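Novice: Read off the chains here:
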Amino acid sequence: MTRFSWFNATALTLGFAFLYMPMIILVIYSFNASKLVTVWAGFSTQWYGELLRNEEFLSAAWVTLKVAVMSSTIATVLGTMAAYVLVRAGRFSGRTLFSGMIYAPLVMPEVITGLSLLLLFIGIGLDRGVLTIVLAHTTFSMCYVSVVVSSRLVSFDKSLEEAALDLGCSPFEAFRLVTLPIIAPAVISGWLLAFTLSLDDLVIASFTTGPSATTLPIKIFSAVRLGVSPEINALSTIMIGIVTVGVITASLITKQAAVRQAREERMAERPA
Amino acid sequence: MNQPVFATWNDPDAKPLIQFRNVTKRFGDFTAIDDLTQDIFEKEFFALLGPSGCGKTTMMRMLAGFDMPSEGQIFIAGQDMARIPPNKRAVNMMFQSYALFPHLSVWDNIAFGLKREGKDKEAINARVEEMLRLTRLSKFAKRKPHQISGGQRQRVALARSLAKAPKLLLLDEPLGALDKKLRQDTQFELMDIQEKTGTTFVIVTHDQEEAMTVASRVAVMDEGRIIQVATPAQIYEAPNSVYVADFIGDVNIISGRAKPTGEKVAIQWAEGQPDILGTTTTKFDAGQEIHFAIRPEKVAISTEEPLDAANKLQGKVLDIAYLGNISTYHVELPTGHVIKAQTANTRRLSRRQITWEDPVWISFTDTAGVLLER
Ligand SMILES: Nc1ncnc2c1ncn2[C@@H]1O[C@H](COP(=O)(O)OP(=O)(O)OP(=O)(O)O)[C@@H](O)[C@H]1O
Ligand SMILES: [Mg+2]
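Heads up: the sequence lines are chains W and D, in that order. The opening residue of the first sequence carries number 4 in my numbering; numbering runs sequentially from there. The opening residue of the second sequence carries number 154 in my numbering; numbering runs sequentially from there.
Treat the hints as calculated values from the structure; they're not laboratory data. Check the hints yourself; a few may be wrong.
To be verified - Here are the in silico distance ranges between beta carbons for each label pair:
{"id": "1", "chain 1": "W", "residue 1": "A107", "chain 2": "D", "residue 2": "D233", "range": "42 to 52 Å"}
{"id": "2", "chain 1": "D", "residue 1": "D345", "chain 2": "W", "residue 2": "S173", "range": "29 to 39 Å"}
{"id": "3", "chain 1": "D", "residue 1": "T184", "chain 2": "W", "residue 2": "S173", "range": "29 to 39 Å"}
{"id": "4", "chain 1": "W", "residue 1": "L118", "chain 2": "D", "residue 2": "D261", "range": "28 to 38 Å"}
To be verified - Computed list of lysine-lysine pairs in DSSO-like fashion (alpha-carbon distance at most 27 Å, straight line):
{"id": "5", "chain 1": "D", "residue 1": "K349", "chain 2": "D", "residue 2": "K333"}
{"id": "6", "chain 1": "D", "residue 1": "K334", "chain 2": "D", "residue 2": "K268"}
{"id": "7", "chain 1": "W", "residue 1": "K161", "chain 2": "D", "residue 2": "K320"}
{"id": "8", "chain 1": "D", "residue 1": "K349", "chain 2": "W", "residue 2": "K161"}
{"id": "9", "chain 1": "D", "residue 1": "K412", "chain 2": "D", "residue 2": "K436"}
{"id": "10", "chain 1": "D", "residue 1": "K297", "chain 2": "D", "residue 2": "K272"}
{"id": "11", "chain 1": "D", "residue 1": "K451", "chain 2": "D", "residue 2": "K469"}
{"id": "12", "chain 1": "W", "residue 1": "K161", "chain 2": "D", "residue 2": "K268"}
{"id": "13", "chain 1": "W", "residue 1": "K258", "chain 2": "D", "residue 2": "K297"}
{"id": "14", "chain 1": "D", "residue 1": "K469", "chain 2": "D", "residue 2": "K436"}
{"id": "15", "chain 1": "W", "residue 1": "K161", "chain 2": "D", "residue 2": "K295"}
{"id": "16", "chain 1": "D", "residue 1": "K295", "chain 2": "D", "residue 2": "K334"}
{"id": "17", "chain 1": "D", "residue 1": "K451", "chain 2": "D", "residue 2": "K412"}
{"id": "18", "chain 1": "W", "residue 1": "K161", "chain 2": "W", "residue 2": "K258"}
{"id": "19", "chain 1": "D", "residue 1": "K272", "chain 2": "D", "residue 2": "K292"}
{"id": "20", "chain 1": "W", "residue 1": "K161", "chain 2": "D", "residue 2": "K297"}
{"id": "21", "chain 1": "D", "residue 1": "K417", "chain 2": "D", "residue 2": "K436"}
{"id": "22", "chain 1": "D", "residue 1": "K241", "chain 2": "D", "residue 2": "K334"}
Since the structure is predicted, the reported quantities are computational estimates derived from the model, not experimental observations. The beta carbon of each residue, even a glycine, is placed where N, CA and C say it ideally should be.
Only chain D is shown next, with the shape it has when bound in the complex (with noise of 0.2 Å):
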């Protein structure tokens, strides 16, 4: 691949379409988004994930227009949205609640914003019943919303945002009513339109692996703030802080304290256990608390000692999660920790060489885990 990788975010040039500058909302005393300053880049799709009441919708309704910043400034395309109604502006949104028309057809509903426009008929029944297809909804078009199932309305809603084709979309949770298959289709389509249309797409889930599949950029939120805005790899292998590490994904966290070795830090986390070896371009201080954070998936497990590992610790298996694609073996050191190690099941129902109450050795390599200060 030779494409150039898409980084809007790195070039110092770039125009961002949507600028947070220092917003704050608060509802009555009580604080949904403290002071938040965030680009988001056109033709970016910007994933937030967090915690249920973090405001991720706070975050979407204001650049909806339904709420106002109680501080800081929002701009869209450059333009100050202070004074802009949320029918003046070029976004649209999908909402956590649907909001379907009650009253209205599947398909008035989705030609609702499009009759506004006052396109003629024509264009109108064209971009419906493409909207339809999409959606797979054809057979439905009729019906009303009380009419359909929760899977269904919730297509109902997407494509009702997708039909105006704006240059900006929020979608509030917009696949977690559907099946596995369903969900992997419409997210498909989704980064399609996306490359059709050059579209941005601010969406929230709460489907990790769904933030990982389709976004440019994560944002990892908790309690009105993002913690870390990266690429999925990079939040997945460079988490900044325990907070993000533990949010996405499975992890290991060993806390102790930071005993710089020269090129290497070392981390004295039990008595009489190994200190463990890690790397990182932080520096940390002699005795300053640290957390180290490794993945099942890079943690070894065997049965004989190996012999040139980094680190390697000996333990016993409490518990095996058998996940068809892979094994989790939970494995308990003689501190009380529980470390879990993964493994594929590349072999099929092979004799298990490892089960309940082994004494095992776990390993991991110097690089293997992040090393992190909070």
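Same shape as in the complex, but just chain W (with noise of 0.2 Å):
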């Protein structure tokens, strides 16, 4: 352990200041009792009484979560099933060129994948709705899926699907109940990311969104444009819960989870 020292207390002080002082005034001011977002006026929760009466924001909140749920399914099936297959394929020719093409839509701009996707949709002329947004956010978040799944895999051992294969599973049936089964923490966690990604997601839902499918991000930015109001604030306090418990389960699933499975398979074999 290194030495308390004041240096370091003033620097991560500052560090987590610089980070979360924004948000906590949000949170703060959620609970003002005044209209006015910067006067303080005493601790008030009407606010949240509004949000829940107003049908604009609800309806607009059911929809970003239909996206969020329906684009984080698909890409867990789609991520996790690349994922396996660039494991576990071997080496085939243009393997590198596959796992490096997976993996290149995280650091693209999102203002560039949500344009692309655009231009496809226009192309092959599919109304923009609900479906392109679900689309859209598919494409991006499976390529999370498939990087957190893959480095599950990394470390899966090989020989125990070799044993189901042996004791008559066909490949899809060994995947099924050996596979599946064992890196499910890896699968559930690469959910709640791509969960929690489509929900938050601004960029990439405006380009590809049409005038019947509003998502939360996207109302709240073009209410934000008319003034703030506290009802934003309790909105976005309520995004950020939800964001926030997302994010530490999924990690805590795959730290706990993963570390425990890595140990118990470690376990399971002949030691060395």
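Each chain sits in its own coordinate frame; assemble them with the hints.
Specialist: See the structure below:
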């Protein structure tokens, strides 16, 4: 352990203040009794009540939730499949290229992803709405899922699958009965990650949405242009809450469950 | 005993269950199995013996269908296995690493293969219970693999591979982690299963004693090749090379030049020492390099000069290893060779006549050792 020093303490405080001050202020003001965002007039939860009566916000929330659940589910299926193939297929020609291409969208500017998807949807004549957002979110969150799942698969003992085959499983059964249950924590945390990514995406959603589908981030962004209201603070606080819970759960599941499982798996093997 | 000796491999009409035909397996440019041709017959208990990395597991993996030969063919029951996936082969393998399913209990691990067969519940239950009893795991049925000991895990792996009662069982070091008592019991269980069900076993082991006990034939391997295949007794008494003689059991090797003398072959092995006399059916030319291999238990040791021994040499005791039932004397000859001689300790704590530094005679008959070309 390094010794406590004033310098470290200050640096730490400043760093975290820089990161979290804006959010803390937002959360505090969401409980402000006054309609004026900048004037503190005592504690109240009235804006949360208002929020529940605001049809527009509620429908946006519903759209967001639908999009997030659908896209993260599809992304999890596709991402897991991609990870499995890339980790298991061994060395086929162009494998490096393929795995590189899976990760490229992670660093691609969102504006470009959004724009290219928009062009594609226009090109194939797809009406923009919930469906297009789901497709768009699936595309970009799938990479995250595949990164999470493949890092788990790399350490997965292949002989378990061979044992399943040996005992009469078809390759698909071996995957379903042996591989999937063992890598489940990684798959679940991939899903949670995709879910939170979809929940707070503004840029790609704005590019691919149509008049019929407004997600919460889009709604908030446009509402803010007319002035920040305490209602939006309340809404944002809720979203911060959901995202925080999602991210923390995801990382807890990956860390703890994966560590525990890796240990169990090691233990189940022959001691070296 | 007037039971016919089990020796299908000598029967020219017998159909082998497994045929390796010029099988080569390469990993990159490393050759793990080198042009191997070998038949294994039904109801055999075939043991693979060899140093680490010689290709034993690779042979098994090719039989199970996880690895494909780079060249050559493998037939099981007359069928070319090239296009048959592992799940379509009537073969079960016990993995060297166990490969137990960590998310399933001991019970479910053993039941796994049976459930895939679509057997009814009753039958599965009965079979799993039987396997648990056989491997003495009944108490641990509900535990997960990480909650049991190493030896118990090994038994789960064994039980899981036995459960489906396949025609061919591949066991990759099945008993290594068990204590001696349990190992011997399990060996007899395996032989019993083999006798009852007629299953063919191919088994990898590092334990020579085990190979000697259970195997109908032993294959000694080195660097991807089978050096000798024979019954345990033949391997022990008539190894075909210094490598095999040295690998199985304890042996003294003396190298020299051959000097055929009538029926026998004399070995000139050191200046100023009498030639060693041996008998062989192999033809040796005069002056050819020759190796004389003799087991320590076939070398007698005495303080007095033995009268009518075909071979006798003088030396002094360098070391004595007391092993309970036997003692091994390391005798140094004037030439620097150290010869091991073994005697059974038939009398309890008898006053040993021979101790360190004693001058002694070692002697052996002219049929006690084997003469080898390489
Ligand atoms: N997938 C692989 N890729 C590259 N080399 C391999 C592979 N599998 C095995 N080998 C090599 O092939 C050789 C034979 O391996 P194998 O596992 O058959 O040895 P083994 O006889 O079972 O040894 P042990 O007694 O240590 O289990 C070894 O040198 C090993 O390094
Ligand atoms: Mg091995």
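Novice: Are the hints correct? Go through all of them and say.
Specialist: Cross-check of the supplied hints:
The beta-carbon spacing between A107/W and D233/D, approximately 44 Å, falls within the hinted interval of 42 to 52 Å. The beta-carbon spacing between D345/D and S173/W, approximately 33 Å, falls within the hinted interval of 29 to 39 Å. With their beta carbons about 32 Å apart, T184/D and S173/W fall inside the hinted range of 29 to 39 Å. Distance hint check: the CB atoms of L118/W and D261/D are about 51 Å apart, inconsistent with the given range 28 to 38 Å.
Proposed proximity of K349/D and K333/D is supported: the alpha carbons are some 24 Å apart, at most 27 Å. Note on K334/D and K268/D: the hinted pairing is violated, with a Cα-Cα distance of about 33 Å set against a maximum of 27 Å. As the CA atoms of K161/W and K320/D are separated by approximately 25 Å, the hinted pair is consistent with the 27 Å bound. With a C-alpha separation of about 34 Å, the suggested pairing of K349/D with K161/W is violated against the 27 Å cut-off.
Of the pairs offered as hints, the one joining K412/D and K436/D holds, with about 11 Å between alpha carbons and a cut-off of 27 Å not exceeded. Taken as a hint, the K297/D and K272/D pair is honoured in the structure, with Cα atoms around 24 Å apart against an allowance of 27 Å. Our distance criterion of 27 Å between C-alpha atoms is met by K451/D and K469/D, whose separation comes to about 18 Å. Under the criterion of a C-alpha separation no larger than 27 Å, the hint pairing K161/W with K268/D is consistent with the structure, at around 21 Å.
Annotation: proposed proximity of K258/W to K297/D holds, straight-line Cα distance about 21 Å (limit 27 Å). Between the alpha carbons of K469/D and K436/D the distance comes to roughly 34 Å, so the proposed pair goes past 27 Å and is violated. Straight-line distance between C-alpha atoms of K161/W and K295/D comes to about 25 Å, which keeps the hinted pair within the 27 Å bound. Distance check on the hinted pair: K295/D and K334/D sit about 25 Å apart at the alpha-carbon level, within 27 Å; holds.
A distance of roughly 23 Å separates the Cα atoms of K451/D and K412/D; the hinted pair therefore holds under the 27 Å criterion. At roughly 21 Å between alpha-carbon atoms, K161/W and K258/W fall within 27 Å of each other, so this suggested pair holds. Simply put, K272/D and K292/D have alpha-carbon atoms about 24 Å apart, close enough for the 27 Å limit, and the pair holds. This hinted pair checks out: K161/W and K297/D have alpha carbons roughly 19 Å apart, not beyond 27 Å.
Restraint check: the Cα-Cα separation between K417/D and K436/D comes to about 10 Å, which is no more than 27 Å; the hinted pair holds. Of the pairs offered as hints, the one joining K241/D and K334/D is violated, with about 36 Å between alpha carbons and a cut-off of 27 Å exceeded.
Violated hints, listed in ascending order, are 4, 6, 8, 14, 22; each of the other numbered hints is respected by the structure.
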